[in-house]
Amino acid sequence: MKLPRVLHVLAACLCLTSCVDGPKWERTMAFARSQAQAGDYTGAERSLRDALDQAQRLHPLHPYQLETNTELARVYFKMGEYERGKAALASVIGKLEVIQSEEDPGLARLHSELGRVCDLLGQLDEASAHYLRALPVALKVPVENRLDYLYLDMAVNAARRKRTAEADEYFSNATKAAQVLHPGGPIFEEIKQKRAETGR
Amino acid sequence: MFLGLFGILAISLAIRVMWLGYSGRQLMFDEGYYIPAVHNMLGLEAMPGDPYRYVRDGIDPNIEHPVGAKRIIAASVRLVGDNAYGWRLPSAIFGTLAILFVFLLARRLTGSDAVGLAAAGLAALDPMMLVHSRVAMLDIFVVTFTLAGVYSYVTGRAIMAGLLIAAAVCCKLTGLAGLVVIAIFEVGRSWIDRTRTAKWSTARLRPLLLMTTSAVVAVPALLWLLNRGVSVFANPFDNLFYAYTHQAATYGFRPPGPIPQSRPWEWLLNRQEINYFQQGVLHLRGLYNPFLIFTTVPLTLWSLFHFVRQRSESALLVLAMVGGCFLPLVLASLQTPRQTYLYYFLPTLPALAVGVSVFGASVRLPRAITLAYIAGAAAAFAYYFPFRGLP
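Sequence lines, in order, name chains A and B. End of the first sequence sits at 489 in this note's numbering; the numbers just go up one at a time, nothing left out. End of the second sequence sits at 1289 in this note's numbering; the numbers just go up one at a time, nothing left out.
Everything labelled a hint here was simulated from the structure, so no lab data went into it. Any given hint could turn out to be false.
Covered, in the sense of this in silico footprint (three residues per stretch, anywhere, with C-beta under 8 Å from a C-beta of chain B), are these stretches of chain A [unchecked claim]:
no. : region
1   : 390-398
2   : 442-451
Here are some, though not all, of the chain A residues that point toward chain B, as calculated from beta-carbon distances under 8 Å [claimed, not checked]:
no. : residue
3   : G311
4   : D339
5   : H351
6   : Y353
7   : V387
Just so it is clear, CB atoms sit at the ideal spot from N, CA and C, and this is done for glycine as well.
Bound-form chain B, shown alone (with noise of 0.2 Å):
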């Protein structure tokens, strides 16, 4: 197991880190806006292209993201230099740590090293975790906080995972969904206890009482210690207030542009591909893989008969995932047209990694279909690599 985990996440890093610095100093799409507000926070030369050149000087112009990811990209520049690998090396690492966690999760689930193995094989596979994890963007950080987060309070650290929950908000606010995915875990689990029990116990309120209390406390007080000397904000609640009327109010959808808009629902059929960065052989293209993406409604109905007939955990957590990541955004999406682009699936994509493994254990498939499913899933992950030759 150990060198199956090991080997996994080597070849993870590894593809996340190899030539990095191929673009030099280009940025490639969403770090147009990070990397020039880094540079400001660190008062370094402003970059060609610069959408924040004439903000005061050492504030985080980038006030629509808590300052979070940013400071943590800051951090490296500091220590490995204003380069690519600079820029890039922690989403490379949280991006790795990210596989880890669904690991973790799955096995702690299912008590299987080998559906933990898949599932962090699955999530390994998939195109656009392995972009985010070779930019310098905000969403692989929500998404390695929330999966900690979730993991933590699995193995029963529920002031860790309010932490860890916090961390994700003050990276982006799409975090405060970790809240409503342990929410509802916790409410499945309540009811798996009903049904053994014959009554609802209150026993579960406590550690989700601890965990929602530590990530509240914990979001203004990391936040008021993140902000300091850079940002704009008179306190963090202003700062918190101001990230959520620009996400809530966002403008309008409009589907023709440069970058294609799309809305969740076409997320599921893998539409509206974001093409990031493409130069030589270099084309990042934000895409998941079709064997992952396309099993989310197969594999959510599936979950929930298995999470009700076989009171599976491992099933709660993918419905969890799926209705306290992507189902927020459906709703938002049908009660007003947003911007929202298919990258906003990524937190919810390591349950599928997670529901594909451990419906794959649980109906036992012939072999040769798992092995030809996973080979689909590394043809595609091929497929859609970024690198299409040797730099």
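With the rest of the complex left out, here is chain A (with noise of 0.2 Å):
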């Protein structure tokens, strides 16, 4: 009887442990990022979905979710499923928002990235307001967080909602500051064309 007994508790410990293997997820994610490097984007999202699945046994703040997600939400748009996307991007926003400010590039940069995905899903409000929470930490840190992108998508969302005079503001906003940040850079040509694609 109490053999049985040690070798449950033994089983319990080995089943508690390997719900944690840091490294089988690093492997997961390294392969993960091999798939969708070499276009296998269904592939890669099995094994990104494998990756959460172990990291969903931790904790919700811990990096292996979030990164998970962020990778899964990539794949997503390579893949054009932007509502899933957006799902995996939201779920990183909402956990990140625990322990950072607004303040932080990293999450402002998240929220441009939701914007856009917004916009693919023709949200065009809810896109704006994350390109608004993005704007304030762009004009800081322009370099990193491309503001010259983001006045650019800011113009097109809000040409497409109606918005004119705004519209010619943030496209005149995107030229300034691409002058500064990619001078000679191929975002003048995309500026030339989204301009043409919205009537600006």
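Fit chain to chain and form the complex, with the hints in mind.
Listed below in structure tokens is the structure:
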């Protein structure tokens, strides 16, 4: 009677420790990244879901969950699955906001990305709200947070929401920022193209 | 005896406190996490290179460790000021108290002042103990609370022991080792009783149960108190779960790197020194005294022999501390390679100081060998002493 009991305890300990096998998660993530790099997004998604299953046994604020969801969002974007990408990104942002302040450039960049996904999903007002949360930080760290591209996204968003004056101002700001951040870069062509697309 | 102890403690405190401000406002090693965390908790200006620059104001952003030790450092900063002394005085005081508890434990278990003094002296001569008593990190708090808890237990204050172990856990989750140490110790004492009475007695279970219950109740209660106003966690259990998953699911073992990781079995050879800080005449080297660390394996074997043959409680303590503080790390590393560093052996070190002293007294070494050993340990300590000249 005693031996099976000991075995049960040992098995429980083993399960508990195997729940939190960091190197296994790292291997799964590395494999997923290599699949994504090779263009096998379906395989990458499957691997990332496996990694997420492992990470979800940990505390919700554990970096593994944040990292996995961020990667998952990127893969979903590549696959054109914006709704799922949005859910993954929103999950990361929700968790980061527990610790990080609005001043965090990383968090602001995620808001930019989430704004872009909302735009792609046609959720224009929500997209605008995310851009507006990203903007104050991008103004402080324009290089890191690609202020010119953020203005460009905001301009297109405003134009689609029929806020013409706002859109013109953002297009103009995007051009000014690009002259400083990316002089002679491809962004000027993008600005021109988006202006034409939105009739501005 | 009193003069000897006073001398050891006074000198230890003096060398822990002297020139603490030599490095100015530069942070040493993992202080780079804890001092900025304390700054954020106290609402002080962010430091250069602050890894928590963009966290929410007022919280403890260093969420992988419970807030206990950081609360102590924060209290010191409020009291002494936001300077090197404010940051590091608690470590110096706790580091000195650790030596006192080594003395008390060794004397209690052997009944010998001389063994107690020898153990305290050896603990005081360890460079890693000194380094951790001069930096604002968490480990020295865990060591001291654990030693105090074990001492309380062996002196019959089981509830107090539980509270002290809880305090250790609230500083760093590795404080849980204290519970294992006491459990092994009590099982060993039960075995001693059994060999005398030819039957297992349940009387020993009562203090163990009391201690465990008081620790189990005190950890969340204490953590709830300490977390008030600075924690991102909804409740202490959530905090403990995060700390557990962070420790257990740590990133993989990567031997090369600026801060050398090492496997637990490498520590026994004093391998993978950590350079805590170097500037001018100050060089904080993270290494153990070779005269202590190299004894781990033979001393553990001898302690096992001495415990079985002589029913020695002091030898049992060495086994309990090695078994509770060191072996779990070995097993964890064997199961999955994980981030471990040389200083993780620190909670085990006092056991070596006690064990070597008990060994010296038990086998009655020739005076010349004892003196040569002490001189060697002192010379090694002097060699690794952080200050290589007058500032």
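Query raised in the report: Mind checking, does the region 390-398 of chain A have 3 or more residues with a CB under 8 Å from chain B?
Result: Holds, because 6 residues of the region 390-398 of chain A bring their Cβ atoms closer than 8 Å to Cβ atoms of chain B.
Query raised in the report: If you take the shortest Cβ to Cβ gap from Y353/A to chain B, is it below 8 Å?
Result: Constraint on Y353/A satisfied, holds at 7 Å.
Query - Interface hint for H351/A, Cβ within 8 Å of any Cβ on chain B - result: For H351/A, the interface hint holds, since the closest Cβ of chain B sits about 5 Å away, which is under 8 Å.
Query raised in the report: Holds or violated: is there a CB of chain B closer than 8 Å to the CB of D339/A?
Result: Hint on D339/A: violated, closest Cβ of chain B at ~15 Å, above 8 Å.
Query - Evaluation of the interface hint that places V387/A against chain B, nearest CB under 8 Å - result: Where the cut-off is 8 Å and the nearest Cβ of chain B is about 5 Å from V387/A, the hint holds.
Query raised in the report: For the region 442-451 of chain A, do at least 3 residues have a Cβ located nearer than 8 Å to some Cβ of chain B?
Result: Violated: only 0 residues of the region 442-451 of chain A have a Cβ under 8 Å from chain B.
Query raised in the report: Is the interface hint for G311/A satisfied, with its Cβ closer than 8 Å to some Cβ of chain B?
Result: Given a least distance of 4 Å, the restraint on G311/A holds.
Checked against the numbered hints above, the structure violates hints 2 and 4; every other hint is satisfied.
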